[in-house]
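Residues -25 to -1, 1 to 531, numbered by mature numbering (1 follows the signal peptide of the UniProt record, and there is no 0), are exactly what the sequence shown covers, in order.
Keep in mind that the hints were calculated from the coordinates and are not lab data.
Please note: incorrect hints may appear among the correct ones.
[What the hints assert, rightly or not] Straight-line alpha carbon distances no greater than 30 Å define the calculated DSSO-like cross-link-like pairs of lysine-lysine that follow: (1) 396 with 90; (2) 135 with 40; (3) 415 with 90; (4) 40 with 529; (5) 414 with 137; (6) 156 with 396; (7) 156 with 316; (8) 415 with 484; (9) 529 with 498; (10) 201 with 264; (11) 498 with 201; (12) 40 with 264; (13) 40 with 484; (14) 414 with 264; (15) 156 with 529; (16) 135 with 156; (17) 498 with 203; (18) 396 with 414; (19) 40 with 358; (20) 201 with 137; (21) 484 with 498; (22) 264 with 90; (23) 156 with 40; (24) 135 with 201; (25) 135 with 396; (26) 137 with 484; (27) 498 with 414; (28) 396 with 415; (29) 203 with 90; (30) 201 with 40; (31) 135 with 316; (32) 40 with 414; (33) 135 with 203; (34) 135 with 529.
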Amino acid sequence: MRKIRKSSAAVATVATLALALTACSSGGNEAPETEGTEAAGETELIGADQSVGAMENFAAGTAFKATEPLEFSLMYRDHPNYPVSDDWSIFANLEANQNVTFNRTDIPLSDWDNKRSLLIGAGDFPDITTVFYPGQESQFVASQALLPVSDYIDYLPNFKQKVEEWELQDELDTHRQDDGKYYILPGLRQSPDVQYSVCINDDLWSQAGITEDPATWDAFAEDLAKVKEATDVTYPFSDRWNENPAPLGALQKIMGASFDTVAGWDYSPTVFNEAAGEFELTATTDGYKEMVTYLAGLVADGLLDPEITQVDDIAIQKFLNGESAAISCNTQVVQSDLRDKAAELNTTINTHLIVLPAGPAGNVISGSRLAQGVVLNGDVAEKPYFKALLQFVDWLYFSDEGIEFAVWGAEGETFEREGDKRVLNADINGFNQNLDATKKLQADFGYFNGVFMAGTGSTDDLIQSTMTEEIAEWTSTVLANSELRPTNPASPMDEAQLEQLGLLEAQVKDAVNTATAEFITGKRSLDDWDAFVAQINQLGGEQIVQNYNEAFQKNQ
């Protein structure tokens, strides 16, 4: 796959900007760059007393093994689909091959966010905490509970190498706090995570004489009209994912970037206009209005079901029984929610994800190349095994070898290589392979477990190795033909500013979601757009934009 291009538009994602207190300099307070782990700069940071068990010449691509047995404490998210077991292969292999064991604090998934926050807030938590999404760490920085990992990047050669080779520094810098440091090691992806699109009923599409995916959203509307005319569908498009937080959440998410905006699940109050060099209020931009106008046109023409508050099961039922011919989906539910549920009804449905259409802004997609990652207790800097812990984390979560191990397990035990492909052993169920096998890669072995993976992989090859051939081909096609919005510029604000801003953003977001649904369904005329803009500004929109722009300018 060729490397995805970067577009010239930038998005200010509220989940990042509102939580991540960032700083301009990419240098900040990091340790000086060095070529190896024994450079003088590093010796000043981590001395012999904190180097027990550490490898002397650990570098990118080096297999980590502690020089003596080490036990690290780990906050473990216990998933009900694969309850943790002391007998798991992953623990046995880490002990045998890396000389590492864990003292775990097990927390059920249902209580994960709450219990994790309580433990970190109290300052009494393990060395390593994983399944941390970028931005979630910001609330714990002021208490100095977390390690400023940016100070120790030279001890993380695999992490450092991928950041440099994949040009991730700008995006990583958006997570610097107001002290210039960052406190999370996010998962790193060679390419953005693309999963969502629209699934169509291939048979109904063929009945209308359509044989190719629409190249643009306008062509998609034309195809819907052909399907409506040629078949007995009630509405050719009846959608799901209409809650949390807005109707048509997934559809607006996948459309937004190609309309030069952010919407639905990707909505944030502001977007950055690179041409003007300033932030703008998202819902008042031309791109947002153009997207809403397009969707309103689908409803007005009878192409999109106006029931945009319906629950998922109803939308799926309509798709399966032929009342509709299109529905939002992703790379997982095309199988689980559509094909498998059709099979439960003793029928089949021919469907696929369409390649994302282009909009007025072109073939542009939004998405981060940073995934869930790892934070460390600030106290680990005083532990005798501090340096070894950094090496272990770097190997497991950021080296190609460590990531492959966490995803696929041990070669010869759980999988074999057939040329360039990895294939699970015949008696193990995983990745939609060997569905009748009695053993499960996650539940019986502990692999492909979010606790031990920063995201779901790293390189395109490894990520796509767990996909079906159909999904891997779709993913490659989307990435090869799309441009990615660049990282939004940093706009650092202090804790008090963010708290005040959060209140304004919440009320603006509620008003935007309500008005957007009304415009799309025709309950509110698009002629009322200027009044809507005035309403949003009065609710705090102007203040939000002013805050972001002042912070941005201060950071230059």
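Contradicted hints - numbers only
Of the numbered hints given earlier, those the structure breaks are 1, 4, 5, 6, 7, 8, 9, 12, 13, 14, 20, 22, 24, 26, 27, 29, 30, 31, 33, listed in rising order.
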